[in-house]
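Number of protein chains: 2
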Amino acid sequence: MDFIKEPMAIENRSMELIAPYLEGLHLDERETKLYSRLIHASGDVGYAPITRVHPEAIDRAIEALKAGAHIYTDVEMVRTGINKKKLASFGGEVHCLVADPEVAVRAKEEGITRSMVAMRQFGKALDGSIVAIGNAPTALFEVLRLVREEGIRPACIVGIPVGFVGAAESKAALASHGIVPYITVEGTKGGSPIAAAAINALMYLIDNTRP
Amino acid sequence: MDFIKEPMAIENRSMELIAPYLEGLHLDERETKLYSRLIHASGDVGYAPITRVHPEAIDRAIEALKAGAHIYTDVEMVRTGINKKKLASFGGEVHCLVADPEVAVRAKEEGITRSMVAMRQFGKALDGSIVAIGNAPTALFEVLRLVREEGIRPACIVGIPVGFVGAAESKAALASHGIVPYITVEGTKGGSPIAAAAINALMYLIDNTRP
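Read top to bottom, the protein sequences are chains L and C. So the first sequence is numbered by this note's numbering: it starts at 406 and just counts up by one. So the second sequence is numbered by this note's numbering: it starts at 406 and just counts up by one.
Incorrect hints may appear among the rest.
Chain C regions said to be covered by chain L (calculated; three or more residues, Cβ under 8 Å) [stated by the list, open to error]:
(1) 417 to 428
(2) 463 to 474
(3) 499 to 511
(4) 520 to 529
(5) 538 to 551
(6) 604 to 612
Straight-line alpha carbon distances no greater than 25 Å define the calculated DMTMM-like cross-link-like pairs of lysine to aspartate or glutamate that follow [what the hints assert, rightly or not]:
(7) 410/C x 421/L
(8) 490/C x 515/L
(9) 490/L x 515/C
(10) 471/L x 434/L
(11) 529/C x 407/L
(12) 490/L x 574/C
(13) 410/L x 416/C
(14) 410/C x 407/L
(15) 438/L x 421/L
(16) 489/L x 555/L
(17) 491/L x 532/L
(18) 513/L x 514/C
(19) 513/L x 591/C
(20) 410/C x 555/L
(21) 410/L x 574/C
(22) 410/L x 591/C
(23) 491/C x 434/L
(24) 529/L x 464/L
(25) 410/L x 505/C
(26) 513/C x 434/L
(27) 491/L x 554/C
(28) 410/C x 416/L
To spell it out: a stretch of chain L is covered by chain C in this simulated footprint if at least three of its residues, at any positions, have a beta carbon under 8 Å from a beta carbon of chain C; those stretches are [said to hold, decoys possible]:
(29) 413 to 427
(30) 431 to 437
(31) 440 to 448
(32) 500 to 507
(33) 570 to 583
The hints are simulated quantities; they were obtained by calculation from the structure and are not laboratory data. For clarity, every value in this text was computed on a predicted model and none was experimentally measured. For each residue, glycine too, the CB sits at the ideal point set by N, CA and C.
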């Protein structure tokens, strides 16, 4: 069987094939790279017209990452998908509390999701950080509550939860809350590889290299 | 903000919202649950018409899982997404060699992807197992080569790699190779949460409970 087997050749060819779907969206070079990675991760060109990037999101996220900002996520799959070697090269780490036994106990007691409790638990640690939500709308709603009611200020929120219950609503709330720069997607689509791809794209924009 | 916060309520409501998109596909009860989980994981009802399940795939996979079959995957994100507590209750484990240093060395030497080398490395261990490919078309092509040329016989191949270079082709090759029962998706869409969702759906079909 004849097929492309060399990793960088696969990636470069993917980006070429994605390019035509971004025409007409008036993206600059950095946005083009970011959008391309979301489409690459999902295999879905339908992400082109529904991706939403706040005008300050890329600058703020890059600034924070370069300064060693940590990443806080709702689920382990996002942590797994993030290039942690690259992140460590800037001094950052990924944190996820969804599997924490104490979080599980509290979630059961309150009858809410573990990732929602996990975000509340992070609290003040989210100041200046990058938040990456790839699964739970409840986690994104909780982050927005922390921003609005408790004055928490992440540098950037990558909010790409997935599904039919609350995902579209939580992402619309992110896009309209007016406080923290964000990267999101309209509607029900999303997921952990998409959120991780956004984070990786931001890191690769810094120095255009990958370990 | 008013939104559903209770995990089982979220899941049940999701399944209700997905149901209308499966009408007219003539699915039985088990297929309905499997398709619903793929759509749930992607937030994309576009998976309904493109999902392909070999008529023996569910029976064979369930039989194997009940007998303690192991799962072999191409990437860590699939391993992360699989309910490993549930799998362990049947005696199974998930294996992934993509981060293995020896695999990395060999991949670099040969100029091919690490997940392709990893599949080759598994070799005979794949007999009677469930293969779960959620990222790399090259890994799926290699599994099909092992099946055709080396007589390797997994019980079922869940082949849902993603992207624009080889993904559609590798999945079409899976659907037409005529030897091992499979679960796949047509076209470029796919990814690790979709592959993990298929595996989890198969496990939940066995006794309808989740730890």
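- Honestly, which of those hints from before does the structure not fit? Violated hints: 2, 3, 4, 6, 7, 12, 13, 14, 16, 18, 19, 23, 26, 27, 28, 30 and 32; rest satisfied.
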